[in-house]
Structures are given as C-alpha cells and as structure tokens.
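Participant: These are the residues of each chain, in order.
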Amino acid sequence: MASTMIKVDALNKQIKQHQAGSLYLVLGTEDHLINQVVSAFHGVLRPEERSMNFAQYDLTNDSLGSAIDDASSVPFFGDHRLVFLTRPFFAMSENIKATVEQDVSILERYLKKPTPSTILVIFAHTHKLDGRKKIAKLLMKHAQVVDVQKIEARQVESTLDNYLSQHGFQINAEARTLLLQRSDGDFSNIIDNLEKLFITASDKQITLPMVEDLVAPTLENNIFDLVDYVLHKNVTQALELYHDLLLNKEEPIKINSILLTQFRLLMQVKILTKKGLTQGDLTQVLKVHPYRIKLALQTARHFSMKDLKRAFLGLEENDYKMKSAQIDKQLLFELFMLKFADPVKQ
Amino acid sequence: MSYQALYRVWRPQRFADIVGQEMITRTLKNAIVTGQTSHAYLFAGPRGTGKTSAAKIFAKAINCPNQKDGEPCNECAICKAITAGTLNDVIEIDAASNNGVEEIRNIRDKAKYAPTEATYKIYIIDEVHMLSTGAFNALLKTLEEPPANVVFILATTEPYKIPATIISRTQRFDFKRITPQDSYQRMAYILKEKGIDFDQEALKMVAKASEGGMRDALSILDQVLSFSDNKLTMTNVLDVTGDLSQTQIDTLMGTIQANDTAQALTQLHQILADGKDEQRLLEDLIDYCRNLLVYQQAPQVIAETELTNVSDGFKKLSQTFPAARLYRMIDILDDVQQQLRFTNHPDIYLEVLMIKLSAAQNSTESKVHLDSTTAAEPAAAAPDAMVSKLEDQVKALSQQVQQLSKGTSSKPKRQNRATTSTPHKVKVNKAAIYPILDSATRQALNRFKEVWPDLMNMLSITKRAVMNVSRPVAANEHGVIVAFDYQLFFERVMNDQDLLDELKAGLNKLLGDPPEIVLVPHEDWPVIRKEYLQTDRLKSANGQSGAPAAENEAEKVPKGTKKALELFGKDIVEVHED
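Protein sequences appear in the order of chains A and B. If you count the first sequence from 1, you need to add 150 to reach this note's numbering. If you count the second sequence from 1, you need to add 59 to reach this note's numbering.
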C-alpha cells in the first residue's frame, strides 16, 4: 500500500538534486539512520533560514492544529519550510501516553492537499504503523516512506566493517567481537560507542583494552557472562564480576532472579531439544524471544543437564535464603559459586 | 585557615592526577585537543572514582587558554576561578536537592545565553539519577537541541535509573572502581608529599577497607592520621576500621581448627577486652572462612583483593580446613549473628559459639591429615558428619594399604613405573577418575565405544592422528575415562584445551550430553584401577557404598578371572564367556 519506500541514500540524492517531495514518513527505529535523515533534511535550508523556516512538534505534547497551521504557511525569505512531527501516537500501535488530544482530521485534510513549499516530515519511531487506523493508511498512501528500520543482525557486522573502513580505522578481531557483544548487536549503539573509540584511537587502531574500558557492558551482558562463568566453574571471574555488579548497586535478589530465569531457560531448551523440538518450535512453546533461544541453544549444548540442575537448585535455594534469612546476600552467592565449582562435590 | 579534609586538599586538578581511569582521561584529553567534544557526557561509576573531579577538570581544560595536550594549566584566571567554584559559566548542580522540573527549566532557559567569560558554558549535574520524570523530560528537550557552546556533564552512581532516551543522547563513560593497588599508590604519594611516615601493611589495610572509592580511602586515612603523630601504623588503622588484626584472627581460627576450646575462649575474651565489636568479630570470622574457601579454589582473587601478602597462618589453615567444615562454620556463624540482634548478653552467645565451633567438630575430625581434595568429601550437613568421618577413615586406611602393597608388591618393576610416572609434568587426575569408576557401567562404556569411531571421523586429520592411539576404558553416565597408548600423546592432549573441548562437543552431538573426559596414559591404567579396587573393597568391608562396577563388573565375574584381571589388567586378559 505504500506509495514509495526509499532508503536514506536515495533521500540524500533527492535533496541534493532539489527534488524533495512535500510529505515524508520516516518509519523505523535505527537511531543512527534517523540522525542521518534529520541532517539530510536540514541540508534543505540555508543556515540563516533555520530559525525562521524550521519547526519541530512533539505530537504527544504540542497541538497538531498549530503544527499544521505552521506547515500551511509560506516560507519567509526562502524556498522551503521544514516541519518535523515526532511521535504521531495516533497512528501507532504502541501505547504512548499523550498529554493532549489530537484532532486527526486536520492532518487527514492536509495529507490530501499539502502545501507545495513545505516539507512535512513525520518521524514514527516504530517498526510498523497501526494498519487498522485510517490515518495510518492515509499516511502510507500519500507520504514517501523513508526506510530507517533496524539493521538486521546478519547485516550489522558487514555494515560495521564498511563504516570502519570509510573512516579509515582498523579494529582487531577480539575488540570487534567485544564491541558487537557489548552493544547488543545494535547498530546505533555501535555507532555511539565508535564515536568514543575514534577519539581515543589517535593512531586509528582500535584495541581490546579501549573497548573494555570505554564500552560499558549492559546488565544483560554481565548476567550472560556471569552465567557463562558459573557454568565453566570459573570462580575467579565470576566473583569479580559479581562484586562489580554490586558496586553498581544492582540488587542481589535481582541478579539472582535473572540468573535463575536464565538457567531455567537453558534447562527447558535442553529438555525440549532432546524431545526433538527445533529452534522455531521452542520459540513458540516457550514464548521467548528467538534470539534468546538461539543463544540458549548454543550455551546449553556445552553443559550437562546435571550441572544445569545443580546450578538451578543452588540458586533457587539462595533465592529463598535471601528473602528469609539475614545472611549477607553477597556471601550467599559466593558460597553457591564455591560449592558449585568444588570438583569433589560433583 | 581551618582544616581541610584530605580528599578536598588532594582533589585531582589535572587529568593525569585521576587514578585508575586512564582510558577515559585519554579520550577526554583527545576530544579537547582535536575539538571533538560532545555536547553532553554521562559519567557513571561507583562513588569516589573521579566522576566529579573529571567533570571539573574537563570544564577547565576546555576553557583554559593555555591548555596543553588536553590538560588545564591551573594557573590562569579561568582555571583558578573554576577550581574555586566562582566562575559563572561553570554551573554545578546537585540534582539530589534540585530535582524538580522548575530547576531544570531554569537551566534550559539560561543555557540559551552565551557564556560570559569562558568559551564554553559547562553544566555539571551531579547525582543526576535523582531527577524526577518531569525533570528528565525537560532535560531531554535541552539535550535534543543543545545550544552552541554549552556542554552538559551528568554524573551518577546509578546509571540504570536514567531513561534510555537521555543516555542515548550523551557520550557515556563508565568509571571503574579503583583497584587497591592504585589507591595504595596514590595514598603513598600523598603521605610522602606530606612527609608522613607509614607502615606499608597499614596503608594496604586502608586501601582494602575503601572498597574501590578513592574518597573513602582518603577519609579513612584522614581519621587514622588524626590520632597518629606523623607515623601511620597498623594499630591506628585497626582502631579506626574496628577490624581484628591478621594475627589475632589467624590464631583464633588456628585454635578452632585444632579443636582447642579452652584456648579459643581465652582468645575470645582477649579480643572482647580490646573493645572489639561483637558483630564486627562475627563478620570478620565469616569473611575469613569465606576467604579460606575462595583461596582453596581461586588463590588469585584473595591475592588481589587482600592486597597484602597472604599470611602464613592463613595459608596453613586453607590447607588444613576441609571445605565441608567451613561451610558448616559459616552456617553456625550466620545463626549466631541473627541471635545476637535479640540479646543483651552477646558475650554468652559468642562463648557458646566458640565452643560449638571448636568442640562440635571433635567427633568428626579424623586424626589423619588428608590432602584437601580427599578431605572435602561430600558431607555438607551435620547428619552426614558420621558418614564423612567413616569415609575419611576409609580413605586414610586405603592409602595406608596402598603404601603397604607398594612395599610388598611382587611386581616391583611396574610399581616403579607407576611411582615415577606420577611426578611427570602432567598428572593423572585421580580425583576425577574415582567418581566415574564409582558408578561405571558396562552399558555406558559400550555407548562410548560405539560412537568413538564416529567421534574420530569428526576430528581433523592431525587431531585424529593424535587421538587414534586412544580408546575409552571405563565410563558412567556422565563421564568417560580415555586411555592413551603413549605417554607422549597423553601429555600432548592433556595440554590441548581446544582438542578437549572439541571432543566434548563431539560427544555431546553424538550422545546428547557433554561428558566429563578424563585422560590416563594406558600404561598407568591397570595401576590406577587396582588402587581403586583396593579402596573400594575396603569401603564395602566397612559396610559402605554400593558395589562398584568398574570396567569389568567385578562381582559378576568368577573369582579366578577377577584375580587374573587384577593382576594383569583388562587389556591382557581376555574373558570369554560361554
């Protein structure tokens, strides 16, 4: 139903050749691409025009009426008027809290008959508009859709390599892996982190210590590592990581319960694969994100049911103790780890 | 002039002074030198790691006209004004007390005006996680369209409380906690500058007590210095931190280990007479037990966190205390710790505790000292104490029997080889073999034998060549013992973690469960098995443990065959069943 779906490159070309249309819908959640789109549109205006011919409205806060009024007026001392509308909650399926009620018919009317000298850009930070709504259908029909969807996992790596070579930087394999891991494979995160790394690496070489120190691991990363250390019976690293987490004021009960869910998933995956379920089946049966299932499958393969069970039961007991006894919560985890890794007790 | 606390006097004034955050300071310096500064920064990290200091230095460096390599000069009017906190263009806000929308709106409005004296207007918002939701939204607006020449630096100890929308608009730096080594060096430097003598061990103690925060370290140091005249000693430090001294606790644990109740009580009274806090004493004891446990498994951790050289008493105790007993002690200590909350007579509980810790173990402690692996046999809960005692005795006896049999063996040649082969660089892991033998079954072994050729086919040619001289000789559900024809290959594979992982993964694919793989050289295998059988026979003689089924299901075979197997080993004797 979309009239046209264009990529960021194509948009850049349009603007450079002064062929910008008057209605755009920027659809997707890849922040890095959105930033490119924003700067591309700003290229339409001369810097001195900016203060007069540019306006941005957050539709959860500002009234749609005044935004469209603005879009309907002619530019001052220039060829174009640039109006950004963000968070069009009324066309999205996500439940976004808005402080104002919007009269959508105003936008409907405008869409049918836009002002030619104005470039109206609507930023929908979502994967897909709510197709059931009339306004969403109209938007898709009348506006040019700029595709800023998340870069898919399998493309992230090649995109990263391109980006690095464009900027003339080199990265070694370990640093690259860690960067991908700590950025959750999310391209916009990677770009944010690269900005810091570029500044640090004055000799254009990105090394492992730089990534270690400058790219902060997320809690999920940490928990993931922690599960790994526990299963590998790597006492030293497990305890160090645990101390770091506590210093970052993570709640021991929270850490414990995340560990528990992770082990539970590993066991479920292990048992069900034995029964012959595939990755796709698992996603459906367990109702868990496919990526987690994929990782769980990889991890579960390396460990025996016995170890998983032991770890799960140990953590379960810890959970009870943490909530009932007065014993130091940190100590509980340490004792669990030591008992678990004790070679004789297996 | 009134007294200024150490951490204020010695607040870092240059990036180079910030301890333990080299990569971050380097990035900030580079950013200033190359003019690639961001308009918003987020400094996250535990307290006392240099966030606010870095922010202030950044404010100076970016504005200092004499800036060199990203460092401020600290001499010019602007630098001095920022240090004194009098420059109008550098605004420090404590979000903990200014957390409302109004305050942030105020910032937003003022941020529009260009800086007056400096080139950049810097807003340092401390404890930014305390802002209310409304305030965050107001701040977000400013961060979305930042005015030129304004830099926001947000500092926080709890980054996860900050909305993702804010984080994604800032350049985030995570400050690491400061290692005891780093804070030790910094304090040593400060004390040297002040001309104060110090006892190295004492200073290490301070570094340790600070838990990764430089400000905490300096505060403790400040307190200690206040009642020590020009010399920092261990006693001063212990008085401030309230900890037991290393020797005190070493001896106390020593007496407990030796089951010397009387001595333990004397020790306790002495410690209490010194005015140590009861709760603190318990915490120290729990800590110590924990450290012993950790040391038994991961000595590096202790070396790193304790900073000091591990004391000899501690090392000795870590070898003599069985892990199971330490777990029990921690349980007891934990109980008492809770009882202490509800009593007016803590000393009574502590005395009873000492008796429990030292006397209760008398029955379970066997007189023979065992090496730590055998001593830590499963016996976690008290009812198992009896069993563990018996097991220990069995182990000890079996070791004696082994030695006896070695002496009288009719085959001195083989025995010699066995004894000479143990001191090899690569040792056979007996602790791993025995549990497998305990529950070994013929079925399990067959299972492994069946898939072995498939496994070999999964390996690369070079690896297959190495593994071709190997075959499984015993197995249970979860583990397999693999014998190698040649010592050389055995050693090579033992040291090749990659290959071991590959084997494990391969077996997992074939059997659906990654087994424990234990390697033995083939020539040692009969000896090991024989040793095991002897241990085992003793066990059954004592009425313990179910009958074992090693490789050849010992009890099912006729007596004569059994004897033959024992003497010659499975690989020489072929049993034909009719």
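Derived by calculation from the structure, the hints in this document are not laboratory data. Keep in mind that a hint or two might mislead.
Computed list of lysine-lysine pairs in DSSO-like fashion (alpha-carbon distance at most 30 Å, straight line) [what the hints assert, rightly or not]:
{"#": "1", "chain 1": "B", "residue 1": "563", "chain 2": "A", "residue 2": "425"}
{"#": "2", "chain 1": "B", "residue 1": "253", "chain 2": "B", "residue 2": "290"}
{"#": "3", "chain 1": "A", "residue 1": "425", "chain 2": "A", "residue 2": "479"}
{"#": "4", "chain 1": "B", "residue 1": "253", "chain 2": "A", "residue 2": "456"}
{"#": "5", "chain 1": "A", "residue 1": "479", "chain 2": "B", "residue 2": "563"}
{"#": "6", "chain 1": "A", "residue 1": "383", "chain 2": "B", "residue 2": "200"}
{"#": "7", "chain 1": "A", "residue 1": "383", "chain 2": "A", "residue 2": "489"}
{"#": "8", "chain 1": "B", "residue 1": "220", "chain 2": "A", "residue 2": "456"}
{"#": "9", "chain 1": "A", "residue 1": "444", "chain 2": "B", "residue 2": "568"}
{"#": "10", "chain 1": "A", "residue 1": "479", "chain 2": "B", "residue 2": "522"}
{"#": "11", "chain 1": "B", "residue 1": "415", "chain 2": "A", "residue 2": "471"}
{"#": "12", "chain 1": "A", "residue 1": "278", "chain 2": "B", "residue 2": "220"}
Now the stretches of chain B that chain A is said to cover, found in silico as 3 or more residues with beta-carbon under 8 Å [to be verified]:
{"#": "13", "stretch": "122-131"}
{"#": "14", "stretch": "230-236"}
{"#": "15", "stretch": "382-394"}
{"#": "16", "stretch": "506-517"}
For glycine and all other residues, C-beta sits at the position ideal for the given N, C-alpha and C.
Participant: Take the hints in turn and mark each one as holding or not.
Facilitator: Evaluation of the provided hints:
About 21 Å separates the Cα atoms of residue 563 (chain B) and residue 425 (chain A), which keeps this hinted pair within 30 Å; it holds. A threshold of 30 Å between alpha carbons decides the hint, and for residue 253 (chain B) with residue 290 (chain B) the separation of about 11 Å falls inside it, so the pair holds. With a C-alpha separation of about 37 Å, the suggested pairing of residue 425 (chain A) with residue 479 (chain A) is violated against the 30 Å cut-off. As the CA atoms of residue 253 (chain B) and residue 456 (chain A) are separated by approximately 59 Å, the hinted pair breaks the 30 Å bound.
Proposed proximity of residue 479 (chain A) and residue 563 (chain B) is contradicted: the alpha carbons are some 35 Å apart, above 30 Å. Proximity of residue 383 (chain A) to residue 200 (chain B) is assessed by CA-CA distance (about 47 Å); at most 30 Å being required, the pair is judged violated. For the hint linking residue 383 (chain A) to residue 489 (chain A), the alpha-carbon distance of about 10 Å falls within 30 Å, and the restraint holds. A C-alpha spacing of about 38 Å is found between residue 220 (chain B) and residue 456 (chain A), which places the hinted pair above 30 Å, so the restraint is violated.
Proximity of residue 444 (chain A) to residue 568 (chain B) is assessed by CA-CA distance (about 17 Å); at most 30 Å being required, the pair is judged to hold. Taken as a hint, the residue 479 (chain A) and residue 522 (chain B) pair is broken in the structure, with Cα atoms around 46 Å apart against an allowance of 30 Å. In summary, the hint linking residue 415 (chain B) to residue 471 (chain A) is supported, as the alpha carbons are separated by about 23 Å, within the 30 Å threshold. A threshold of 30 Å between alpha carbons decides the hint, and for residue 278 (chain A) with residue 220 (chain B) the separation of about 29 Å falls inside it, so the pair holds.
For the stretch 122-131 of chain B, the assignment as covered by chain A is violated, since 0 residues bring a beta-carbon within under 8 Å of that chain's beta-carbons and 3 are needed. For the stretch 230-236 of chain B, the stated coverage by chain A holds: 6 residues have a C-beta nearer than 8 Å to a C-beta of that chain, and at least 3 were required. With a threshold of 8 Å between beta carbons, the proposed coverage of the stretch 382-394 of chain B by chain A holds, since 4 of its residues qualify and at least three are required. Using a Cβ-Cβ cut-off of 8 Å, 0 residues of the stretch 506-517 of chain B lie near chain A, which falls short of the minimum of three, so the contact claim is violated.
Checked against the numbered hints listed earlier, the structure breaks hints 3, 4, 5, 6, 8, 10, 13, 16; every other hint is satisfied.
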